[in-house]
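Starting from the given sequences, assemble the full structure and let the hints guide the process.
There are 2 protein chains.
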Amino acid sequence: MADDGVTVKYFLPESELPKAWYNIQADLPQPLPPILHPGTKQPITPDDLAPLFPMELIKQEVSTERYIEIPEEVREIYRRWRPSPLYRARALEKALGTPAKIYYKYEGVSPVGSHKPNTAVPQVYYNKQAGVKKVTTETGAGQWGGALAFAGSMFDVEVEIYQVKVSYETKPYRRLAMETYGAKCYPSPSDRTEAGKKILAEDPNSPGSLGIAISEAVEACVKQGAKYCLGSVLNHVLMHQTVIGEEAMKQMAMAGAYPDVIVGCTGGGSNFGGIVFPFLGQRFRKEAPKPFRVVAVEPSACPSLTRGKYAYDFGDTVGLTPLIKSHTLGHDFMPPSVHAGGLRYHGMAALVSHLKELNEIEAIAVGQKECFEAGVLFGRTEGILPAPEANHAVRGAIIEALKCKETGEEKTILFGLCGHGFLDLPAYDKYNSGTLEPDATLSEDALAAALAKLPSV
Amino acid sequence: MADDGVTVKYFLPESELPKAWYNIQADLPQPLPPILHPGTKQPITPDDLAPLFPMELIKQEVSTERYIEIPEEVREIYRRWRPSPLYRARALEKALGTPAKIYYKYEGVSPVGSHKPNTAVPQVYYNKQAGVKKVTTETGAGQWGGALAFAGSMFDVEVEIYQVKVSYETKPYRRLAMETYGAKCYPSPSDRTEAGKKILAEDPNSPGSLGIAISEAVEACVKQGAKYCLGSVLNHVLMHQTVIGEEAMKQMAMAGAYPDVIVGCTGGGSNFGGIVFPFLGQRFRKEAPKPFRVVAVEPSACPSLTRGKYAYDFGDTVGLTPLIKSHTLGHDFMPPSVHAGGLRYHGMAALVSHLKELNEIEAIAVGQKECFEAGVLFGRTEGILPAPEANHAVRGAIIEALKCKETGEEKTILFGLCGHGFLDLPAYDKYNSGTLEPDATLSEDALAAALAKLPSV
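Residue numbers (UniProt numbering), protein chains in the order written: chain Z, 1 to 457; chain L, 1 to 457.
Where hints are given, some of them may not hold.
Any copy will do: because identical chains look the same in the list, a pair fits if it lies in one copy or spans two.
Here are the simulated DSSO-like pairs of lysine-lysine, each with C-alpha atoms no more than 27 angstroms apart in a straight line [to be verified]:
no. : residue 1 : residue 2
1   : Lys-9     : Lys-128
2   : Lys-94    : Lys-134
3   : Lys-430   : Lys-171
4   : Lys-290   : Lys-197
5   : Lys-325   : Lys-59
6   : Lys-403   : Lys-290
7   : Lys-94    : Lys-128
8   : Lys-184   : Lys-171
9   : Lys-94    : Lys-184
10  : Lys-133   : Lys-94
11  : Lys-184   : Lys-369
12  : Lys-19    : Lys-197
13  : Lys-290   : Lys-19
14  : Lys-59    : Lys-223
15  : Lys-184   : Lys-430
16  : Lys-9     : Lys-19
17  : Lys-94    : Lys-9
18  : Lys-403   : Lys-453
19  : Lys-369   : Lys-171
20  : Lys-9     : Lys-403
To be clear, the hints were calculated from the coordinates, so they are not data collected in a lab.
Values in this document were obtained by computation on a predicted structure and should not be read as measured data.
Below you can see the structure in the form of structure tokens.
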């Protein structure tokens, strides 16, 4: 075969940039359970959310319109790097010796190297339109914080970021990017909020967690009359990411292909939802040309979808946020320190959990070592060194491709490569030198203890 | 104006990927002075170079054919990220309040984030074709080493890299990328070569330099029966980079524009030659639609073009390489440690120096602080944080744009943005926190001392 091992890029002209986000709530077989007020335990109203979000985003959160137009000002920024490339990973296929056809949609071409600006830009845009001067947020490894800092600099909106302390201290590069874009970044837990002070009083050496940083960012927002931005989990966030899947669908059509399996990594669920939802929409509307499976890949160290309980829980550690029904490990679960910091969250997006409960998607948990092994193979064949989070999707795709090698099936696999790993190279160094931390497995006892603290609804 | 401040991307379909490199030697008003043998001081023959390079690259080095076909196997790899985007920097223009139209060609979309793979891929390809199993090279900050490691992994050729020790120790990220791609990387000066041992005997704490690392890589190549790759300076290297300018010319045409000024940063000259040569070729063939200026921007700490002597000199510190006539600060000049490690080289490409002598191009030297100032403004308007090397081009373009603001001229400025700064964020941190090292200015005495050691020809 002349093209054996030759990786191919499918190239979408700028005129094909999506004009609207796809809202899967329009097509769900059953509606989402409502979000509840943390005090009354009753469904929240738009007014309850108004201290946190501008009204346009609140409307998007609960909308059941199938398509929501992307404002031209947002598309102008998207166009700086979108449409993003889709590749047929022939070099990886050849290295695996698989008959499977592997495609990946690459979001590392954005200015901050991940999919996060797809939602950071509209979130800041709608805040700017509402007259907001400042937004607050949390970040783990810093992918989300960097994206929001970038978006803030594009629309001249102030950005205040609470970064999980262990990342703030040990992985300074993304913080330096946030600061260079002009954002303020504080290690969390901090003494800037009551939530942070409470955690520090209990444990002055707390390494922090996304849940704690969310508590601080929400409190800081309300106190300062700012607004709050979240990088994943919420319906509108996942919807903004559907530009990924909408583009991928067109690019797969260019390649004359349609996936048998779609694979994405899941932390809060936004990159996963972004690539998967437009395809699931086709299934729900009976427009999909064939059946396909969807596989969510999460770290075994933080296995919300595979081992969490489907229940109402807080999004943050202190308990300031509304209650969302989703797969959770418990809001004060402290995930072990893994390099895929972006997947280190106790909960899951309500939409992703709902689809799991409806058996529309599957989920698997994988160890961190097998993910780096996959990432290094990917780098040496496809040339791109993926972020540790993205390595979970690479690993998931390889698992599917190796199944095909065994059965001889020529399945078409599509996966989301949500970002590059330039700022995660020390983690690769640990893998290369054999000093990667051993895989942490959550014990049954620890899980039971964390789940015992779920709020009663 | 509806589009005021809206940065625009000019998008070239993959079918427009150049099929041939442009060789400026075909169109030079006067031929290049010959390269001399370091022993005989006579023009070198292809056989003299055969221990270092495969014959195809030696032929390219001296060719006067106008176009040299890019092998399909190289274009297959190029296509993973090429054509690269060209942008109209309207957001930057607006921030500057300039009537100038600023365009930039962005090479940071490559897998290693710089223009270097444009030549690393063909260099490894021609070596592979010649049956070579291993190549050696040097690198400073690691842009080149990372690119060659990437190319080595694409063609399954072993790569051994000597990295300037101060970068090896203080900026580990790019080394970790090289290692993840499977290359071996050693701090230079090392005790693996006689050249390294000699330097270490004189100064056990030598921080190293590109010149020393070249000595080691050349010696290691010859000793091991490997071949040697150079990331800049040589004619064939600059020629491989002309894909940048060829694409840019088509993209400028799409924008209905032609530059009045072209700006590039210069260390060894490859990124500069890459964007500039196709335009200069038009000038030499009397095909340029209008006159234009060309400005090379170099660091004032290492000002070869603006303050060096145009003379025959070695490419390396120890004196193993052929003698090239170019602007040099002296082969054992030790440039002060600036963050733009890729511009920290005592010499300049023969072609760039020749064009400077023929008054076809201008050169300016700028300080590092003004470059970071330019880079931060660029990041906060255009969204991309440039590499410190690229900041020199940004600064040069801003200088031209501010001149237009003064005169009211609506000039068209094109500059090369050769890479992103994800792995250089600690340098931005120093700038942000006001702790950037003060600009180093080369004293007349130090320059005279370095130039006194030029070989007599």
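For this structure, which hints from the list above don't hold up? 4, 12, 18
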